[in-house]
Amino acid sequence: MSIKDDMVVQFNYTLRDEAGEVLETNEGLDPIAYLHGHDNMMPGVEKAMEGKAVGEKFSVTLPPEETYGVRNENGEQRVSIKHLQGAKAWKPGMRAIINTEQGQRQVTVLKVGKFMATVDINHPLAGRELTFDLEVVDAREATAEEIAHGHAHGVGGHHH
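Residue numbering for the sequence shown follows UniProt numbering, starting at 1 and increasing by one per position.
Just so you know, these hints were derived from the structure itself, not from any lab.
Quantities reported herein were computed from a predicted structural model and do not represent experimental measurements.
Honestly, I wouldn't trust all of these hints.
[What the hints assert, rightly or not] Lysine-lysine pairs mimicking DSS-like chemistry, simulated, CA-CA at most 30 Å apart: (1) K111 to K88; (2) K47 to K4; (3) K88 to K47.
Work out the full structure: start from the sequences and follow the hints.
Structure follows, in structure tokens:
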């Protein structure tokens, strides 16, 4: 069965940078599950999965536009330290979570003052060409409920 829209796809991945260094992997963990064709996955990864079958292993190198986006050079903002979540004391280089009008966002702390911090709102991997080693573990037709909700349910997906 080839992967197409309205299918729940489960996969394993290893993410590598330009030098081939491993940045992330779900090796030894549950596979990632997503509903194909519903903007639940990075565009480049979803495009690479199209037409693949269970058991296929492949690699794809993607530009920033198809993964975490290009860097916004105006991505520095000053925020109150009280809005940074994830630690009690902050140092440059640390990652924090802030709440925005679009939901939670991961930021990188650049400078810390007594009351304010300068953060970079770009995703840490924005602007980078990345390679994904992918393995399709499972694919099935989505249920009517999953399609209505716009996401996969169960292991590796969303739980209600």
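Hints versus structure:
no., hint, result
1, K111 to K88, "15 Å, holds"
2, K47 to K4, "10 Å, holds"
3, K88 to K47, "41 Å, violated"
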